[in-house]
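Asker: The lines below spell out each chain.
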Amino acid sequence: DQQVKQNSPSLSVQEGRISILNCDYTNSMFDYFLWYKKYPAEGPTFLISISSIKDKNEDGRFTVFLNKSAKHLSLHIVPSQPGDSAVYFCAASANYGGSQGNLIFGKGTKLSVKP
Amino acid sequence: DVKVTQSSRYLVKRTGEKVFLECVQDMDHENMFWYRQDPGLGLRLIYFSYDVKMKEKGDIPEGYSVSREKKERFSLILESASTNQTSMYLCASSFTGLPNQPQHFGDGTRLSIL
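Residue numbers (my numbering), protein chains in the order written: chain A, 157 to 271; chain B, 103 to 216.
Quick caveat, the hints were computed from the structure, so don't treat them as lab data.
Beta carbons: idealized from backbone N, C-alpha and C, even for Gly.
All the pointers check out, no bait thrown in.
Quick list of the computed label-pair ranges, beta carbon to beta carbon:
#, chain 1, residue 1, chain 2, residue 2, range
1, A, P235, B, K173, 41 to 49 angstroms
2, A, R217, B, S110, 33 to 41 angstroms
3, B, E119, A, G216, 44 to 52 angstroms
4, B, L216, A, A226, 40 to 48 angstroms
5, B, L113, A, E171, 30 to 38 angstroms
6, B, S184, A, Q158, 22 to 30 angstroms
7, B, S182, A, S168, 40 to 48 angstroms
8, A, Q237, B, D140, 26 to 34 angstroms
Distance condition first, Cα-Cα at most 16 angstroms in a straight line; then the derived EDC-like pairs of lysine to aspartate or glutamate:
#, chain 1, residue 1, chain 2, residue 2
9, A, K193, B, D209
10, B, K105, A, E198
11, A, K266, B, D140
Make a model of the complete structure from these sequences and hints.
Answerer: Okay, here's the thing in structure tokens:
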């Protein structure tokens, strides 16, 4: 059973507009969430993260929102640029007594930003 | 910056061969991980290690083994390669000392088993 779900395999957005990538999770023990970006033939690159004690974290054009009651998080990219075209993975982990658990990844969403 | 280096970007092997994938990190990270990435399946954890000579099974360990003789190096071994092990293999490392540390990935090895 998938604990981290990215229900949209792909998303197409016009340059300059907002991209919103969504992620849902089922395990209420998850308390740390991350987004990774992956270009073809490269490894995933860490983008932004959020702890469960927050509901928003912002880094430049990237903002992650966490809604714990809905077990939902989203990544907003504003404004979107063609260089943002990549596969985005959502990941989650749980801290068990101070020892961080492994990351559980979603299946990814392929973002295409059109000029 | 963290550097995770995988020894080969592309590798072609034959069915039944023993295959070694090597990974080295330069940040003195305690944790190291091996994943495989397949279209539509995301990243799946094969094995991980929290310390030298320690290893733990991930979600899909069958057909694989690992070795961690030194802190900076984590090897993935395909004991007898099969065509269903054709995939992109990704190594990652992370730091234990502080909570909520991201994993840092290498560029991957595209392995083809013929």
